[in-house]
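Participant: Letter by letter, the chains look like this.
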Amino acid sequence: MSTFKAKVFVTLKPSILDPQGRTVERALSHLDHGNVSGVRVGKYIELTLSGSRAEVEAQLKDITGNVLSNPVMEDARWELSEQQGEERVGA
Amino acid sequence: MKTAVIQFPGSNCDGDALHAARLLLDEGAQFVWHTEAGLPTGTELVFLPGGFSYGDHLRSGAVAARSPIMQAVKAHAERGGFVLGVCNGFQVLTESGLLPGALSRNRNLHFMCRPVHLRVENTSTAFTGAYARGQVIEVPIAHGEGNYYADPETVARLEGNGQVVFRYADNPNGSLNDIAGIVNERGNVLGMMPHPERAVEAPLGSEDGRGLFDSLARAGTPAQAPA
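Order-wise, the sequence lines are chains A and B.
Just so we're aligned: the first sequence equals residues 0 to 90 in numbering that gives the first Met the number 0.
Just so we're aligned: the second sequence equals residues 0 to 226 in numbering that gives the first Met the number 0.
The set of hints was computed from the structure by calculation and includes no laboratory data.
It should be emphasised that the depicted structure is a prediction, and the values quoted were computed from it without experimental measurement.
Built from N, CA and C at the ideal position, the CB exists for glycine as well.
Wrong hints could be hidden among the right ones.
On the chain A side, residues computed to face chain B include the following (Cβ under 10 Å) [as the list claims (entries may be wrong)]:
1) Leu-11
2) Thr-22
3) Ile-44
4) Leu-48
5) Val-66
6) Ser-68
7) Asn-69
8) Met-72
Derived EDC-like pairs: lysine to aspartate or glutamate, alpha-carbon spacing no greater than 20 Å straight-line [said to hold, decoys possible]:
9) Lys-1(B) - Glu-35(B)
10) Lys-12(A) - Glu-144(B)
11) Lys-73(B) - Glu-184(B)
12) Lys-42(A) - Asp-55(B)
13) Lys-4(A) - Glu-81(A)
14) Lys-42(A) - Asp-17(A)
15) Lys-12(A) - Asp-150(B)
16) Lys-6(A) - Glu-56(A)
17) Lys-6(A) - Glu-81(A)
18) Lys-6(A) - Asp-74(A)
19) Lys-42(A) - Glu-144(B)
20) Lys-12(A) - Glu-152(B)
21) Lys-60(A) - Asp-31(A)
One chain only, chain A, in its complex shape:
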């Protein structure tokens, strides 16, 4: 059994308007960063899980899709790394 660290990124689907991102973008523009566009605000969640890699990956798929994100309006992807070393990216 190993211990894994998961980093989960939750973002609004591209088709969903992000008023928060738009507000941040406008503020940046007022601060003379007029070249910044496409600002989207999302969430970052960290988890530590123990088990085999296969178990943990299956569990993460369930957790990210059914709890940490709402598939009606959000996308979620995750990065998983074993506590010593090796990194893998999933969605």
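Given the structure of chain A, go ahead and fit chain B onto it with the hints provided.
Facilitator: Just chain B, lined up with the frame of chain A:
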């Protein structure tokens, strides 16, 4: 109509919900705490009140939708029992899958707390029989995340089936098709962002929310929670 008002940590319209239910539906209406596994025997209406359950952590309604009592609420809905979700209660209903779609941040990012006008679009539901079709009612809103969203196929299905029950006369939050309240296909689960329970007594500004409770009172007996 035997009514249970579910309380989550962070519910803040639970008192208003209980008051309206006792006044208009059931003198014995009672609170049920979210950690309970079952509803009181004979419950006919489950009222999911407004508020900020679990501090809106993760997403509004997300954690409440996965709390123990919601299994019983889902079973109640499957039996044909009535479920009314107002404001945060509506968010809990979409998060739990009892109603389609989702409620996202208001278009203007503001928390809005004021009376709005709603058009009653469908009067053949158990929740709206006492209203006239097209009637405009005044009911308060109080939310920051009431912007109704669903994919185009879902919205088309809701419209085609007459599941859009209340529509904003002047859309305050960016909701698709001005949607303020919807029912499930069977018609026994209603979710709405405006607060009918805050509009049942004239001294508080409007009595237009009474129609919803009067409708339920005349709708007759739905399925009940078993002993």
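Participant: Could you tell me which of the hints above the structure violates, numbers in ascending order?
Facilitator: Of the numbered hints, 4, 21 do not hold.
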